[in-house]
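If you're matching them up, the sequences are chains A and B in order.
One rule links them: number in the working numbering = place in the first sequence (from 1) + 6.
The letter at position 325 of the second sequence is residue 316 when you use the working numbering, and the numbering goes up by one with no holes.
Because the hints were derived from the structure by calculation, they are not lab data.
Fair warning: there could be bad hints in the mix.
[Claimed, not checked] Some chain B residues flagged as far from chain A (calculated, every beta-carbon gap over 12 Å):
(1) Glu2
(2) Tyr97
(3) Ala151
(4) Ala159
[Unchecked claim] One side of the interface only, derived from the structure: several residues of chain A facing chain B at Cβ under 8 Å:
(5) Gly270
(6) Asn293
(7) Arg315
(8) Lys335
Quick reminder that beta carbons are idealized off the backbone N, C-alpha and C, glycines included.
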Amino acid sequence: SMSKPADEKDLVQAVVLADSFNSRFAPVARSLPRALFPLAGVPLIDYALNCLADAGVHECIVYCRSHYKSLASHLASSPQSKRFATPPVVRNARQPLGDAIRDLDQSRLIKNDFILAPADLVTNANLAELLAEHKRRRVKDANCLLTLVMRSTTGGFNASALMQAQERSFIAVSNADTGCLRMLSPAGMDKLGRIRLERAALLSCGRSRLWTGLIDLGLAVCSVHVPPRFTDEFDYRSLDDLVRGVLEHEEILGHTVSLHVLGGQEYACRVSNMNLYALVTRHLLDNWVYPMTPASMSGSRAATEHQVRQRNVYVSRLASVHRSARLEKSVLIGPGAQVGSGCHLVNCVIGSNCRVGDRTRLSDCYLWPGAVVSSDCNISRSLLCHNSTVLDDSQLTDRCVLTHGVRVGPSVVLTNCRLIVRSGRSEDSASTDEEVKQQLGKDSNAAVYKSAYSDRRDEAGDSDADSGPENDEDSVELEIWQTTLMADNVEYLSSESDSSSEAGNEVPPAEVGEDHFKRELLDVLQRAEQDKHPVDTMVVEINSIKHAFCVHIDRLKAILAYTILLYPLLKCEKDDESEDCQVEITPAEHFSQ
Amino acid sequence: MQQQQQPAAKELHSNQLAMQVVRRLSKRLQKRQQAESGATAADLIQMVRHEAVACAGRDPVDAVSQNACRRVLKILREEAVHSLGASAQLLSSLQNNLFSERPIDYSQVKADSLRDAVSAAIKELSLELETSLDDLRSHGAAHIGENEVVLTLGYSHSVARVLQTAAATRKFQAIVCDSGPNFSGSRMLQLLKTVPQIDASLITDAHAFAVMSRVHRCLLSAQTVFADGGLRAECGTHGLLLAAKRHSVPVLVCTPAHKLAPAYHSVERANVYLNPACLLEENLSFAEVHCPKYDLVPPGLVTLFVTNLGGLAPAHLHRCLAEQYHQDDYSIDAGEADGDA
Chain A
7 SMSKPADEKD
17 LVQAVVLADS
27 FNSRFAPVAR
37 SLPRALFPLA
47 GVPLIDYALN
57 CLADAGVHEC
67 IVYCRSHYKS
77 LASHLASSPQ
87 SKRFATPPVV
97 RNARQPLGDA
107 IRDLDQSRLI
117 KNDFILAPAD
127 LVTNANLAEL
137 LAEHKRRRVK
147 DANCLLTLVM
157 RSTTGGFNAS
167 ALMQAQERSF
177 IAVSNADTGC
187 LRMLSPAGMD
197 KLGRIRLERA
207 ALLSCGRSRL
217 WTGLIDLGLA
227 VCSVHVPPRF
237 TDEFDYRSLD
247 DLVRGVLEHE
257 EILGHTVSLH
267 VLGGQEYACR
277 VSNMNLYALV
287 TRHLLDNWVY
297 PMTPASMSGS
307 RAATEHQVRQ
317 RNVYVSRLAS
327 VHRSARLEKS
337 VLIGPGAQVG
347 SGCHLVNCVI
357 GSNCRVGDRT
367 RLSDCYLWPG
377 AVVSSDCNIS
387 RSLLCHNSTV
397 LDDSQLTDRC
407 VLTHGVRVGP
417 SVVLTNCRLI
427 VRSGRSEDSA
437 STDEEVKQQL
447 GKDSNAAVYK
457 SAYSDRRDEA
467 GDSDADSGPE
477 NDEDSVELEI
487 WQTTLMADNV
497 EYLSSESDSS
507 SEAGNEVPPA
517 EVGEDHFKRE
527 LLDVLQRAEQ
537 DKHPVDTMVV
547 EINSIKHAFC
557 VHIDRLKAIL
567 AYTILLYPLL
577 KCEKDDESED
587 CQVEITPAEH
597 FSQ
Chain B
-8 MQQQQQPAAK
2 ELHSNQLAMQ
12 VVRRLSKRLQ
22 KRQQAESGAT
32 AADLIQMVRH
42 EAVACAGRDP
52 VDAVSQNACR
62 RVLKILREEA
72 VHSLGASAQL
82 LSSLQNNLFS
92 ERPIDYSQVK
102 ADSLRDAVSA
112 AIKELSLELE
122 TSLDDLRSHG
132 AAHIGENEVV
142 LTLGYSHSVA
152 RVLQTAAATR
162 KFQAIVCDSG
172 PNFSGSRMLQ
182 LLKTVPQIDA
192 SLITDAHAFA
202 VMSRVHRCLL
212 SAQTVFADGG
222 LRAECGTHGL
232 LLAAKRHSVP
242 VLVCTPAHKL
252 APAYHSVERA
262 NVYLNPACLL
272 EENLSFAEVH
282 CPKYDLVPPG
292 LVTLFVTNLG
302 GLAPAHLHRC
312 LAEQYHQDDY
322 SIDAGEADGD
332 A
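Based on the sequences and whatever the hints tell you, model everything.
Shown next as structure tokens:
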């Protein structure tokens, strides 16, 4: 590990965001944070830390919302964290990115230009070079606020596969000489296959370059002025907001954003949904993220931990694989695993201490540590989480997910995006016992997972499949393998925060903002009633506390309606005489966005 | 990842690497002898064996460090046997193995008695390693005749020096195959172009078969030489050697003796796989792409090994091995049998 440099100007810092604030991996991420998901046997955050350590980062600050304890204990013991000058510290952030950076500004931890990366980023890009380039750019143009790093998918070997698995892609226009970003918008073509470009952006640019098919990595090299900017604009919640804000208000503040596009031989991808998890694992095993190979990433005696056979087969020396087992290609077998006779494995990751029975066929599946598969099974394209069990003669085909500790019975056939959780812990137990036993086997302890939102979706519009997503704006929980994304502002809906309190992990010490906000709102209504304020004054007051508490407009509508209806009820409880209480409900146009 | 970045930063020649290992070992041996008064030869031997295992752990492809450890072990064992006196066992050799009675007990020998002899022998070893390339040059240059056409592949320090030495006294033609995907052949070409006596030209690997009928000699280098005559060499060598066999062109492999490993060739030997993105830029999602750094060439394709100790026919490699390493050190850590020599 390297030591801290004497001069503070040479200190290289990085900020890692370990919470993506969406629930793509919903029931699986309940007990294990996404940053600790094993990807080819190694926790996901280790890949990001590895890349940062190679870039020469001295200090790393990790932000997370839930699962604080498990993340902190992992960082304390991970071999990757020892490569930094000071071990990575974990801090809490309640809301996406915005709060994390405001916390950075308040605590004055940032001394220099820093690298901002998500924890689920797998890349072999040369971040040291990016940082140097950013510094050079800042010397020439002191207004450059940050360098956004994106990956292009229009060239390169596996780019089209990555593109298809992404939820959204971007188009951008930047200056061909300086890389200064002029326009960034989500890619969407109209029916004639045209994309929309802003004229102003193109005209003001010198020699412009159009990028299409860009993938957002959540990776940026930020200058030291970014945290104060976030504190000033307390509306900013994500990097998109910042970039959009900078591009719109460029004339006012003069800041600019640069764009750096990775392409060709540099691999970079965020594991933001299940399809990408499968794809990135495959790429890792096939050596596309060289020099990060499964052999080099795992363990302290990295070079001899795995025996590397032909066609990307990595077998740990502490695993026992039967002679007649056929490991066809792209297989990783972790320490302590046992593979029985007559097995056929293609494109699999067998975690540590897993057991695979005889005559089983596994293809494109991922077994996390402790999973057990018995004999004569046929599993394809599935994920088996920690300590899950598949009993004899079962078939799990086409995207099944078994969460922690699930047992699925003998001779069962599961197909098509089934998400199986332990019964008793699943939120909605819609199925009866008999049905479960028939579906999942007589020895199982599981239930099919139905999220709260999928029920609503089923009721609302099951006539046509594609009008369904548009109707239901609030639907957040997707089937875990799906990637069609709905509205964008679903990010902070509180399903994850409910789950964190369920899991019993340490809740961040600050007050939950919404209760406070509700009380403030009640106070406003009370004052307005007592002092006979006109409606406009009330509107101004409510707007100001909305901004002060950083509440989203949708949330405000919900809470306001609730509070207004609650207020007379509370009043009735206080007053002894029951009077008819009337409160005027103002129409929605008064509230600013 | 740090170990993979190091070779790019500082390219060590194999003899420099071997010398580093030997220096490190001699320092550790001295420290051990000074620290423990009761140290025996067995302890020292164990320590050096551990170091060899550690070397294999750091980089399974690198045989030179392990071989350097084996040379030091041979020195230790020899000196131990000498100090046990003439009444001790006959030095094990091919004939004596049948008749020797008792195995040698190294724990009888005190480390102090070995100190001077071992340090003198290690100094000799370092000198030999340092001058290995110069000796190799002179031996190799003798094989190239006037106006001959010599074919080589990629960039190799030893081959470059051999060609330069030969060019001092005669004129000849050199054809260099650029070995993709790193195209080290062009680096070799730049070097050879500075030598006026050599008429150097560059061809692609695929073109080698076509020119092979005009070539008098193939001059190559290897990363490791296995005990049965197989090689671990730069990618493309196997194809080149098969072409040479087809056209009956003699193949000379110039390697210093410290690259000679006691293991036998096998396709399961350690190999490094590079990023496949350097090979294909197309948008194909169905292809499986492998980019190995080394070729594992089976035995039977090389005519002569030119080492710093002179020319060596493949059938006599075992003799060189027996002189350099002790029989007991041929396999270090039997658990690593599948990994590397």
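Hint-by-hint comparison with the structure:
no., hint, in the structure
1, Glu2, "holds, 17 Å"
2, Tyr97, "holds, 27 Å"
3, Ala151, "holds, 28 Å"
4, Ala159, "holds, 41 Å"
5, Gly270, "holds, 7 Å"
6, Asn293, "holds, 5 Å"
7, Arg315, "holds, 7 Å"
8, Lys335, "holds, 7 Å"
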